[in-house]
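Engineer: Chains A and B, in that order, give the protein sequences. Going by the numbering used here, the first sequence opens with residue 13, and the numbers climb by one from there. Going by the numbering used here, the second sequence opens with residue 13, and the numbers climb by one from there.
Treat the hints with caution; some may be incorrect.
[What the hints assert, rightly or not] Simulated crosslink set (DSS-like; lysine-lysine; CA at most 27 Å straight-line):
1) A/Lys34 / A/Lys127
2) A/Lys165 / A/Lys34
3) A/Lys236 / A/Lys208
4) B/Lys34 / A/Lys127
5) B/Lys307 / A/Lys34
6) B/Lys127 / B/Lys307
Since the hints were made in silico from the structure, they are not lab data. The structure presented is a predicted model; accordingly, all values stated were derived computationally and were not measured.
There are 2 protein chains.
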Amino acid sequence: MSFDDNLDRLARLCVGFGLQVKPGQELLITADIGAADLVRRITREAYGAGASNVQVFFADDAITLARFTHGSEDAIETAPGWLFEAMAGAMRNGSARLAIAGGTPGLLAEQDPGKVARANAAQSVAAKPFMEVVTSGLTNWNIVPFVTEGWAKQVYPDLPVAEAVETLWGHVFRALRLDHDDPVAAWQTVFDTLAKRREYLTERAFSALHFEGGGTDLTLGLAKGHVWAGGGLRLADGTGYAPNLPTEEVFTMPDRGRAEGRAVFTKPAVINGTIVEGLVVEFAGGKAVKITADKGEAVAQTYFTSDEGASRLGEVALVPESSPIARSDVLYFNTLFDENAACHIAFGNSYSMNLAPGADREAAGANESTIHMDCMIGGPELSVTGIASDGNRHPIMEKGEFVI
Amino acid sequence: MSFDDNLDRLARLCVGFGLQVKPGQELLITADIGAADLVRRITREAYGAGASNVQVFFADDAITLARFTHGSEDAIETAPGWLFEAMAGAMRNGSARLAIAGGTPGLLAEQDPGKVARANAAQSVAAKPFMEVVTSGLTNWNIVPFVTEGWAKQVYPDLPVAEAVETLWGHVFRALRLDHDDPVAAWQTVFDTLAKRREYLTERAFSALHFEGGGTDLTLGLAKGHVWAGGGLRLADGTGYAPNLPTEEVFTMPDRGRAEGRAVFTKPAVINGTIVEGLVVEFAGGKAVKITADKGEAVAQTYFTSDEGASRLGEVALVPESSPIARSDVLYFNTLFDENAACHIAFGNSYSMNLAPGADREAAGANESTIHMDCMIGGPELSVTGIASDGNRHPIMEKGEFVI
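Using the sequences plus the hints, can you model the full thing?
Structural biologist: Right, dumping it as structure tokens:
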């Protein structure tokens, strides 16, 4: 299979399976300028599927950096709320939304952490209406990867850049099941497994989960009436879609007031361009009360206290160590991959899809925030135990693998 | 001077003289993806000048084409009105606006002219709120060129592409006075000359202009209370700016009801990607009553009848044959250059800046339309005569040169 063939297959998988673009539907795409080749193929695919308009918003590393290297304090704290609001409006009117993930992970590593934190906070506040529509289940959305040079250099700093790009694409194509004769059929099998796990866990309705191993000892209350999700989603009109490709996780909503103990994060988190390594967080009463990190500590501390909900949890997700991404044993510096290599918890806003439709978020224990940041706690030492409301303990994962 | 130096000088000219970005002002940039190098330099320059946010909207030939090659009829007639409205809103709130001109002129030449016309009409309607803000004098705006491969190939089809790009850049840098030690001082001299012409012509308050030569014999009534513009403009708060770089024209508003005779257009017009050549238009009562062309006739006929005002005139502009762009004797297939090589008239909407502030457009004879398309009638044979309200005739240009 040539590289071009694989990109075409990725475009077809994205439009036909990931997004399931409907005739007459508009599609909004955000992508790095380096991903233009894939964006062009996806655009043709989407028009072929009947899209009424494909609107692409290209970002560029040098333009992003210029705000920090040449911008005033005013510029650091400014974000285009009007544009996020306009995109949110388009989605409320039915537009689908695609993000191409693959920007340079450490882009802002050399910049002043205080500036980065203030810029991130401004960006999060401005993007809130947009993120609310994305996570509300109103419209079909999808994230797929594209290997940019900036990303590949971060993953393989010691390889020549062309080789780094090629090697990383190899992993990406395999993680996307594009090495299968019929990638959609392969994904249907994955989605069937995820459906079994989420149905089992939803039915059990555990009161809490206990994570233990590799330094982590964390008891996490689950929201009242929580629903486990993972794999495919479905709009009110019956349209199915697959938000993340690749995806290996089942996930639900924690209770914002019940997290106790210590989480040792096993992979770096990329917080809007800054790589945070060696993160350790202690929780009490649902809140992160102590945040330390070997690298990027200031960025993490500021980010996780940027609003009241940013220090509490909005998601918990289970991923086995046998997932193809975990087995590749690559540190991707990209949430779309690293979150599918390991169990994780997310700081910030929780997803309404993890409650029954129309449920009272406040009463259920949902967390509210302008941020949502996945942080990996999974590893080969981790066990996960479900704690029922009667106090009984049920093993869910042992040594990183499902036992249900 | 290296190419990089020239691009940096262009970025400085654009931000410091063309736009005169104010501290705290947002800047919206539209550009072809091929112009990213210049956009990056301009972004750094604008942040350096105190811009609060630089928001870039990149277009891409392949993405534009995909609508025609892969899109449904629905897609042909869809344009993102919500995005134009959002950008118009940002400008009403004070954002400056920069267009980088340099897309591929004949991009849509191979496409079905009916489809192209319907797509153009949908685009014009959707863009109207945006164009209204641009032409209302509410905010500072600027257009500068960037030589893309697609543009250079159109101008020099027989040269190897790298040589075509280099040759065209040479003309562009000279037209922009970047070969002068102090390009801003050079532009100030040009603007002084334009100011003298526009002041003379405004003071004379001619009732009509008579264009004659090279097959053209056209008498064009001027709007009541018309004002000649050209060179620099000034916002209500006193900020000066230079909308077009390069620019060599003085221009004013015709009376929508008074154009009689025949215009033979001396350069091709690029109508949203289709090149129209050999255009001849006969006017009666201000209206184009017969439109013929050697190439692109259907696109021109449809475009110039896309609404009531599209067949009437919104601008008349005078440019001497001795302008550096005319002297380069290159057909640029790009309005920003070709309009500055020759006298021209524009079909469609007229500019309020060509009347006194607050004047009644309707009563003055202003034309209203969703389109505004410059078409060149100038040439070495053309004479222009001013006709005063008492019927007296005053020579303005002879054999393509000013005699005032």
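Engineer: Evaluate each hint against the coordinates.
Structural biologist: Hint check:
no., hint, verdict
1, A/Lys34 / A/Lys127, "violated (41 Å)"
2, A/Lys165 / A/Lys34, "violated (37 Å)"
3, A/Lys236 / A/Lys208, "holds (21 Å)"
4, B/Lys34 / A/Lys127, "holds (22 Å)"
5, B/Lys307 / A/Lys34, "violated (38 Å)"
6, B/Lys127 / B/Lys307, "holds (16 Å)"
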